[in-house]
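Visitor: Residue numbers (my numbering), protein chains in the order written: chain A, 2 to 249; chain B, 2 to 249.
None of these hints come from the bench; they were simulated from the model. Be aware that a few hints might be false.
Repeated chains share a single entry, so a pair holds when one copy, or any two copies, can fit it.
Straight line, CA to CA, 27 Å or less: simulated DSSO-like cross-link-like pairs of lysine-lysine [claimed, not checked]:
id, residue 1, residue 2
1, 230, 93
2, 29, 106
3, 106, 59
4, 59, 93
5, 32, 117
6, 32, 106
7, 32, 213
8, 230, 106
9, 117, 213
10, 29, 230
11, 29, 117
12, 59, 213
13, 59, 32
14, 106, 93
15, 32, 230
16, 213, 29
17, 106, 117
18, 213, 230
Protein chains: 2
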Amino acid sequence: MNIILLENNELSEGHVVLNDHRARHIIKVLKSRVGDTLRVGVLDGEMGEGTVVAITAKYPFVVELTVQLTGPAASVPTIDLLLALPRPIMLKRILSQVTALGVGKIYLVNANRVEKSFWGAGLLEENEYRPHLIHGLEQAVDTRLPEIRTFRHFRPFVEDCLPELVTQYGHCLLAHPFTEQTLSNSLLAGSADRILYGVGPEGGWVDFEVEKFLAAGMCPFSMGSRILKVDTAVVAIHGRISQEMERR
Amino acid sequence: MNIILLENNELSEGHVVLNDHRARHIIKVLKSRVGDTLRVGVLDGEMGEGTVVAITAKYPFVVELTVQLTGPAASVPTIDLLLALPRPIMLKRILSQVTALGVGKIYLVNANRVEKSFWGAGLLEENEYRPHLIHGLEQAVDTRLPEIRTFRHFRPFVEDCLPELVTQYGHCLLAHPFTEQTLSNSLLAGSADRILYGVGPEGGWVDFEVEKFLAAGMCPFSMGSRILKVDTAVVAIHGRISQEMERR
Chain A
2 MNIILLENNE LSEGHVVLND HRARHIIKVL KSRVGDTLRV GVLDGEMGEG
52 TVVAITAKYP FVVELTVQLT GPAASVPTID LLLALPRPIM LKRILSQVTA
102 LGVGKIYLVN ANRVEKSFWG AGLLEENEYR PHLIHGLEQA VDTRLPEIRT
152 FRHFRPFVED CLPELVTQYG HCLLAHPFTE QTLSNSLLAG SADRILYGVG
202 PEGGWVDFEV EKFLAAGMCP FSMGSRILKV DTAVVAIHGR ISQEMERR
Chain B
2 MNIILLENNE LSEGHVVLND HRARHIIKVL KSRVGDTLRV GVLDGEMGEG
52 TVVAITAKYP FVVELTVQLT GPAASVPTID LLLALPRPIM LKRILSQVTA
102 LGVGKIYLVN ANRVEKSFWG AGLLEENEYR PHLIHGLEQA VDTRLPEIRT
152 FRHFRPFVED CLPELVTQYG HCLLAHPFTE QTLSNSLLAG SADRILYGVG
202 PEGGWVDFEV EKFLAAGMCP FSMGSRILKV DTAVVAIHGR ISQEMERR
């Protein structure tokens, strides 16, 4: 936890009382004392500094802070992710990891090789997935929650939503092993203001899905012959795209 | 499991009998039948094709294959990893993930912020960590096990081993948030035949360690202001370096 994140309604006239895992973290891990200052931010809001004004250092832990907000978080991430819905345990890790790396939006879509049961996971409720996003923000020192959108039916998504979405991006890339196109070639032309990248399910997209993505305007690229698990691919490709953007 | 991997001593005159998780996988996941062919490889050896010649499709599962080895695996990975020893549960995941992404060697080193107890983990025994490497190879379709070397004492490693190691690489890079240097700038000059990258412990290297790494010839680089967990950083930086290498 590299920043203490507050809900907007927790802050009252620059003052907040924490009595949950954040209080415990401030006392047990950061070992803060009255008078110490901490990095603080408001979710989807500004960042600033908190000063510890009171502490109850034994269970139930309580920490009171006065908070001075000083300005916006880092710039909005310019990378968005389109992901075939993975199994819940993997989705949890991916949500934290890509939030830490920085993504603006995450589109979770159905695919032929997505198990139907994954759509029944409680994790798809906002109150269930939100803590994993916050975990990523606490790690990376950011306040902006990625926006999550779910598309339970592939065809309406790819036919009705995606062609419009694609127009919002400089590049829409689809990780797909069966192409000769490399990522650097895919990014040669066009603006790199905003990039959407798509990662399929374990076992990959089926041909019909790839055709539909290409018809909607996405470009396939390959990273070579090694087959990666979805969670590894999501993070490694984010690194590759970030590297390309660093060069511009 | 995208390839069935065999120990060298399991193969006898082009014939092998499997009765462990591989047999179960061939029967239950791949649903193979007599006459089907599978991708097969020998650990640290050649790749080829196996033909199913007999199956016992109920517990205890048994599969007999005749194996035709046809040639070497993909080229040796040109990226090596220097990693402050992480906690065992994270190390397991990192070993599988970087093996899937492709690394030649993994140097596990001590650091001030490495908990002493991590060095007592059974995972550092070859018979304990090897399955996690194999898991990565099975995923990525490769046969070459990365070499693992452990250095329990920081100073002898950095003073006596590292200066010599550094000469084997075109670039030796140290992920370190407190520098202005970017990865693309770090890689501008010099050969990129082999690259070593170093990732610190949770909380980062201490100043003394960074000084020692730089004195030994490593170059620091930063990926920006976001602070990443070790497992995320290891995979994302591998992606970034791979992307730079793809451009050459």
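Visitor: It remains to establish, for every hint, whether it holds in the given structure.
Guide: How the hints compare with the structure:
no., hint, verdict
1, 230 <-> 93, "both (15 Å within a copy, 15 Å between copies)"
2, 29 <-> 106, "neither (34 Å within a copy, 37 Å between copies)"
3, 106 <-> 59, "neither (40 Å within a copy, 46 Å between copies)"
4, 59 <-> 93, "neither (31 Å within a copy, 35 Å between copies)"
5, 32 <-> 117, "between (46 Å within a copy, 21 Å between copies)"
6, 32 <-> 106, "neither (35 Å within a copy, 38 Å between copies)"
7, 32 <-> 213, "neither (54 Å within a copy, 29 Å between copies)"
8, 230 <-> 106, "both (21 Å within a copy, 21 Å between copies)"
9, 117 <-> 213, "within (20 Å within a copy, 53 Å between copies)"
10, 29 <-> 230, "between (36 Å within a copy, 20 Å between copies)"
11, 29 <-> 117, "between (42 Å within a copy, 20 Å between copies)"
12, 59 <-> 213, "neither (58 Å within a copy, 40 Å between copies)"
13, 59 <-> 32, "within (12 Å within a copy, 57 Å between copies)"
14, 106 <-> 93, "within (15 Å within a copy, 30 Å between copies)"
15, 32 <-> 230, "between (38 Å within a copy, 21 Å between copies)"
16, 213 <-> 29, "neither (52 Å within a copy, 31 Å between copies)"
17, 106 <-> 117, "within (23 Å within a copy, 40 Å between copies)"
18, 213 <-> 230, "within (23 Å within a copy, 36 Å between copies)"
Consistency note: the structure conflicts with the earlier hints numbered 2, 3, 4, 6, 7, 12 and 16.
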